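Visitor: Take a look at the letters that make up each chain.
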Amino acid sequence: MKHVTLVMLLAIVPAIHAFTQNIPKKHTISGYMKDSLSTESLIGATVYNKVDFAGTSSNQYGFYSLTLPAGNVELVYSHVGFNTQIRRFRLQRDTVIQMNLEGSVHLQEVTVTASRTDRIQERTQMSAIHVPIAQIKSLPAFLGEVDLLKSLQLMPGIQSGGEGSSGLYVRGGGPDQNLILLDGVPVYNASHLFGFFSVFNADAINNVDVLKGGFPARYGGRVSSVIDISMKEGNMQQFHGEGAVGIVATRMTLEGPIWKDHTSFIVSGRRTYIDLLAKPFIAMSNKTNPGTRIGVGYYFYDLTAKINHRFSAKDRIYLSAYMGDDKFYANEDDTSGSYNYKYDSGLKWGNITGAFRWNHIFTPKLFSNTTVTYSRYRFHIDHESWETSDSRIEESQYYAGHYQSGINDWSYKTVFDYLPAPAHYIRFGANVIYHTFNPGAMQLRENTLTTDIGSNKIYTYEYSAYAEDDIRLADRLKANLGVHWSAFSVRGKLHHVWQPRVSARYLLTDQLSVKAAYSRMAQYIHLLTNSNVGLPTDLWVPVTDRLKPQISGQVALGIAQNLREEYEISLEGYYKTMNNVLEYKEGASFLDTNGDWEDKVLQGEGRSYGVELFAQKKTGSFTGWIGYTLSWTDRQFDGINEGRRFPYKYDRRHDLSIALMKRLGRKIELSGTWVFGTGNCVSVPIGIFKVDKPFNNNSLYDYYYDYGERNSYRMAPYHRLDLSIAFVKEKRWGERRWIIGAYNAYSRKNPFYIDVRTNQNGRYEYVQYSLFPVIPSISYQFKF
Amino acid sequence: MNRSLIHSRLSFINTKIFPGICLLLWIAAGCEDMMTKTIEIDSADFPPKLAVSATLDTDGSLTMSLYEGCSVSSYSWQRSDRSIIANGAARLYRDDQLVWTLTGDFNLSLDKHSYSSGREEGYGYIRVTDIPAKAGSAYTLEIDMDGYEKAVSTVVMPADPLVDDVFLDMRHPVEKNRINHIAGSGSYWPLYPLKCTLKDNAGGADYYAVQIRTVQLSNHPDYPAYLSEEELGVGIANLTLIQDNPDYEALGSSLGDGESYDLYMFNTLLISDITFRDGSATLELFSGFPDEWDEWNTFPERPSNYTPEVYGDEVIYSYRTTLIVKHITDETFKHYRSLVLQGEGMGFFSEPVQIASNIQNGYGCFSLQNSCKIVLKEYRRYYYPFRY
Chain L
1 MKHVTLVMLL AIVPAIHAFT QNIPKKHTIS GYMKDSLSTE SLIGATVYNK
51 VDFAGTSSNQ YGFYSLTLPA GNVELVYSHV GFNTQIRRFR LQRDTVIQMN
101 LEGSVHLQEV TVTASRTDRI QERTQMSAIH VPIAQIKSLP AFLGEVDLLK
151 SLQLMPGIQS GGEGSSGLYV RGGGPDQNLI LLDGVPVYNA SHLFGFFSVF
201 NADAINNVDV LKGGFPARYG GRVSSVIDIS MKEGNMQQFH GEGAVGIVAT
251 RMTLEGPIWK DHTSFIVSGR RTYIDLLAKP FIAMSNKTNP GTRIGVGYYF
301 YDLTAKINHR FSAKDRIYLS AYMGDDKFYA NEDDTSGSYN YKYDSGLKWG
351 NITGAFRWNH IFTPKLFSNT TVTYSRYRFH IDHESWETSD SRIEESQYYA
401 GHYQSGINDW SYKTVFDYLP APAHYIRFGA NVIYHTFNPG AMQLRENTLT
451 TDIGSNKIYT YEYSAYAEDD IRLADRLKAN LGVHWSAFSV RGKLHHVWQP
501 RVSARYLLTD QLSVKAAYSR MAQYIHLLTN SNVGLPTDLW VPVTDRLKPQ
551 ISGQVALGIA QNLREEYEIS LEGYYKTMNN VLEYKEGASF LDTNGDWEDK
601 VLQGEGRSYG VELFAQKKTG SFTGWIGYTL SWTDRQFDGI NEGRRFPYKY
651 DRRHDLSIAL MKRLGRKIEL SGTWVFGTGN CVSVPIGIFK VDKPFNNNSL
701 YDYYYDYGER NSYRMAPYHR LDLSIAFVKE KRWGERRWII GAYNAYSRKN
751 PFYIDVRTNQ NGRYEYVQYS LFPVIPSISY QFKF
Chain D
785 MNRSLIHSRL SFINTKIFPG ICLLLWIAAG CEDMMTKTIE IDSADFPPKL
835 AVSATLDTDG SLTMSLYEGC SVSSYSWQRS DRSIIANGAA RLYRDDQLVW
885 TLTGDFNLSL DKHSYSSGRE EGYGYIRVTD IPAKAGSAYT LEIDMDGYEK
935 AVSTVVMPAD PLVDDVFLDM RHPVEKNRIN HIAGSGSYWP LYPLKCTLKD
985 NAGGADYYAV QIRTVQLSNH PDYPAYLSEE ELGVGIANLT LIQDNPDYEA
1035 LGSSLGDGES YDLYMFNTLL ISDITFRDGS ATLELFSGFP DEWDEWNTFP
1085 ERPSNYTPEV YGDEVIYSYR TTLIVKHITD ETFKHYRSLV LQGEGMGFFS
1135 EPVQIASNIQ NGYGCFSLQN SCKIVLKEYR RYYYPFRY
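Sequences listed follow chains L and D, in order.
Quick note: the first sequence uses the numbering used here, first residue 1, plus one each step.
Quick note: the second sequence uses the numbering used here, first residue 785, plus one each step.
Hints are computed from structural coordinates only; laboratory data are not their basis.
List time: in silico SDA-like cross-link candidates among lysine to any residue, alpha-carbon distance up to 25 Å:
{"#": "1", "chain 1": "L", "residue 1": "Lys457", "chain 2": "L", "residue 2": "Ser589"}
{"#": "2", "chain 1": "L", "residue 1": "Lys365", "chain 2": "L", "residue 2": "Leu481"}
{"#": "3", "chain 1": "L", "residue 1": "Lys690", "chain 2": "D", "residue 2": "Ser855"}
{"#": "4", "chain 1": "L", "residue 1": "Lys783", "chain 2": "L", "residue 2": "Leu670"}
{"#": "5", "chain 1": "L", "residue 1": "Lys600", "chain 2": "D", "residue 2": "Ile1058"}
{"#": "6", "chain 1": "L", "residue 1": "Lys413", "chain 2": "L", "residue 2": "Gly492"}
{"#": "7", "chain 1": "L", "residue 1": "Lys690", "chain 2": "D", "residue 2": "Ala1140"}
{"#": "8", "chain 1": "L", "residue 1": "Lys690", "chain 2": "D", "residue 2": "Ile825"}
{"#": "9", "chain 1": "L", "residue 1": "Lys693", "chain 2": "D", "residue 2": "Arg875"}
{"#": "10", "chain 1": "L", "residue 1": "Lys693", "chain 2": "D", "residue 2": "Ser1155"}
{"#": "11", "chain 1": "L", "residue 1": "Lys693", "chain 2": "D", "residue 2": "Gly1127"}
{"#": "12", "chain 1": "D", "residue 1": "Lys934", "chain 2": "D", "residue 2": "Ala1140"}
{"#": "13", "chain 1": "D", "residue 1": "Lys1118", "chain 2": "D", "residue 2": "Leu946"}
{"#": "14", "chain 1": "L", "residue 1": "Lys749", "chain 2": "D", "residue 2": "Val856"}
{"#": "15", "chain 1": "D", "residue 1": "Lys1118", "chain 2": "L", "residue 2": "Glu605"}
{"#": "16", "chain 1": "D", "residue 1": "Lys1118", "chain 2": "L", "residue 2": "Arg645"}
{"#": "17", "chain 1": "L", "residue 1": "Lys50", "chain 2": "L", "residue 2": "Glu565"}
{"#": "18", "chain 1": "L", "residue 1": "Lys729", "chain 2": "L", "residue 2": "Val245"}
{"#": "19", "chain 1": "L", "residue 1": "Lys693", "chain 2": "D", "residue 2": "Asp928"}
{"#": "20", "chain 1": "D", "residue 1": "Lys821", "chain 2": "L", "residue 2": "Gln760"}
{"#": "21", "chain 1": "L", "residue 1": "Lys667", "chain 2": "L", "residue 2": "Glu735"}
{"#": "22", "chain 1": "D", "residue 1": "Lys1118", "chain 2": "L", "residue 2": "Tyr584"}
{"#": "23", "chain 1": "L", "residue 1": "Lys749", "chain 2": "D", "residue 2": "Asp826"}
{"#": "24", "chain 1": "L", "residue 1": "Lys413", "chain 2": "L", "residue 2": "Gly354"}
{"#": "25", "chain 1": "L", "residue 1": "Lys783", "chain 2": "L", "residue 2": "Gly269"}
{"#": "26", "chain 1": "L", "residue 1": "Lys749", "chain 2": "L", "residue 2": "Ile626"}
{"#": "27", "chain 1": "D", "residue 1": "Lys979", "chain 2": "D", "residue 2": "Asp1057"}
{"#": "28", "chain 1": "L", "residue 1": "Lys348", "chain 2": "L", "residue 2": "Asp596"}
{"#": "29", "chain 1": "D", "residue 1": "Lys821", "chain 2": "L", "residue 2": "Arg714"}
Computed from a predicted model, the values in this text were never measured in an experiment.
Full structure from sequences and hints, please.
Guide: Right under this line is the structure:
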């Protein structure tokens, strides 16, 4: 018996050995993909093997990993706007290839757009927008300032609230339902000057990705969209700079190596100078009124900085920060008579963010990123006044008021990218955020008496974890399956929500695919916003033991097609439900600091559905896109409109955007955008009546308005044409551009607000207010 | 058009002149007042409607004011001054039985029914005092005026209010503080705490209105009562709700710091149903009495040797302070709440408020109140008209 066993072993072992020798061994090719000129990471660049078409794409830090069978490989590296590179070699071991792609001088020189995996019909992700920064910079600029968020508003499904409104409204969602990340740090107020400019300086931005639906599991915290903005890292080889001088603002960006190939920096700043320009005129006015001095002004600035250090091929750290403020001030000093007064008032709001990140490559298949971040948004109003009488000093009066609101976050996050095989791209991670909410506190001082009014701070923790896998199930079928779990701890109560995420893509042909997605999202913080206009006074508040988290469920279905490698067309339909959305109660106002904010709000539900068409030409001397959205969105709250469903203010039935860019040789660039949107829904008084004040023997009455159904009046459509022309000249030191543009070129009076007033005949009439006529601009831009 | 032509024409733009033109255009655009315009709103064009303020109380009184509501586009100051309500009929039904009717020109005096002399600006004001009203009955008010759509409202009279444990503490007046401070003078109203308990009727939604009223009466025709009910309301009571239910909802005026005259008028505290968490709510009120603050009251003391022949008839002013608790409907509460919210709104910075109404084809409210009155204090002051 022993001999039989021995013979069997002697026969089996070699057979097993021979068998395993025939299984092809696999090795992993990994590395970073970068722009050869700027050394910036290329996000979403693709690499695939021409032999078996197995491929992958680079992550947010430019890292890629592709596991292939040993043997001959032919790797194609590509990215839109860059020349493709091909590497042929025999794969015999794990290999690191740091790939630097050369950017094309002009987009029309890119002859092959991208590999299979980069084309719209190939990607599993639907409801996504990627606009190259170069294209954003070529769009018409308002007052000479290129604006990232305004460019996104040209995409289907993303609306602005109109002039004077700073938020983004994505697929019927509110302005607080967008997760805006700057290098992974949430930014709470992304606008300057009431929505005219975003806080993001396009010169410092490397990449922007927007998701409106089909959210992969790695994203969470907001229910309507993710706007993921990555800053540049700084050129590790050479010093460069660019800047611009415009009518209202100047900006400057500098980048370069601190230690070549190891450490780089980028610093970018911007400031307006309307206040500085106005100062001489104000001084002249003061001279005509001796004894009285008036000062008034407005400015904003932002400052972005980043340092990036590469310890080794496996370890990198990044340190980035953003700081920006808007300030409006007014003061007056009157000492002309025996009664003197002085007052100082100011309105200030702004963000500070900071992030420390460490990237580590454990193995060629396992990449990690650890991030610690800080984010603070704060708004405050200050007023001080002094009144004195020369003859009666004892009647001197001092008044002061200070109102402040805001939110602070500290966050820790660790995420992993694991690519075990070409058919799988696994991501998982966890995050914890410590929030401090200050939902509005006021301090009043009258001489020596101080009174504090308003809400106390609220301290909370937010936790999340996720796992997802991007799977190639078959040659034509890919899916992204994942789950996101999040929890929120506040006032002894723990809210938590499981959020499944599923998306899939099926290739009908090589050029045409059908996609579907379902995602459930949860949100634990809300923005209380006045329904008439978005202001920096809007309050960020958390869910509490009385207020539940917002939860949305969205289903999307679409088709995507690539035509002749030059055009991309997508058609998508979606249906979204939102539960526990927040709204101020009837009559409530953020200015009223009496009582708790929780008593001023209601929770209800919303729904939104529609169809989006997007057609884009990405290459050539003539590029651009058309986006059209047909949508409906409404809300229902038990305490508003007597519980009846009503249109959401931003229920824009039709939304059309056209953006066109044309190059005339190397020296002239033309661009224009035209936007059209159905008007916003608002509540206007339709009737007026008088009734008695109750419980007073009927001898007192007053007049009141009848508003009819909530948001029953639709304002006039919004449409606007922006034009710009750029004159480019190459210089010895770099490049300069003169850019001349016109915002609202045909001076359309787009509605901002409707009010009722009495005319000179004593009759009541409706008046529509608009904000901006045609605004021409000129700016000088340079790059070296 | 060939490229060279385009370039040559566009090259003009690449000169110093063009930016200057742009700058002038920008300045010119800012100078013109282009940013407002008058617009028409079609949906706001509708025929005028009746605005009804009617109250039926279990003490038998029915009071009603009729006004007109119209579209904003057709409204004007001149129109608001005009007497609009004219011929028509008002009918009140109890459980489908007609109990009261009034027909004719509502602007003329009607000798069949009493009416208030408080007519101002030509609107119809009706006050009737003999309507039978009892809890549980359904009352329907119909108002049919020429030129207006018929306004109808049906409401059920609430159950009797459940009031208990009424206690007026005359021994411990309120200490001087913000509640009883008279702003600008350094003086304080004398106030006394009053407690009472309101209960929640099982199975229903309960809303209450609580008031304190003082009436001054005189026994002498030559010396009539000189304080109107409005004046007696001044400084009478500060009504607050003492409870620990964070969900309570109450509306009403309070003495506050004595700044606003309006706030004194007919102090009324309205309490909504959500206040009654465990079936009851205890109120603490503060009541003052006019004889203690009446600065006009400088009557001399009654002399020890008083005789009518020498000093004339006594003039006796009687004061009766009454706690009035009204069980009201949710419609009345919501109507009042909406009036307060819209009236206190901050315009552009506030959410719009729609005035709640239970009048079909009209505005306003038909309020039913089941009242209970508890006399808190009755006292007299004697006056002797000396001849100097």
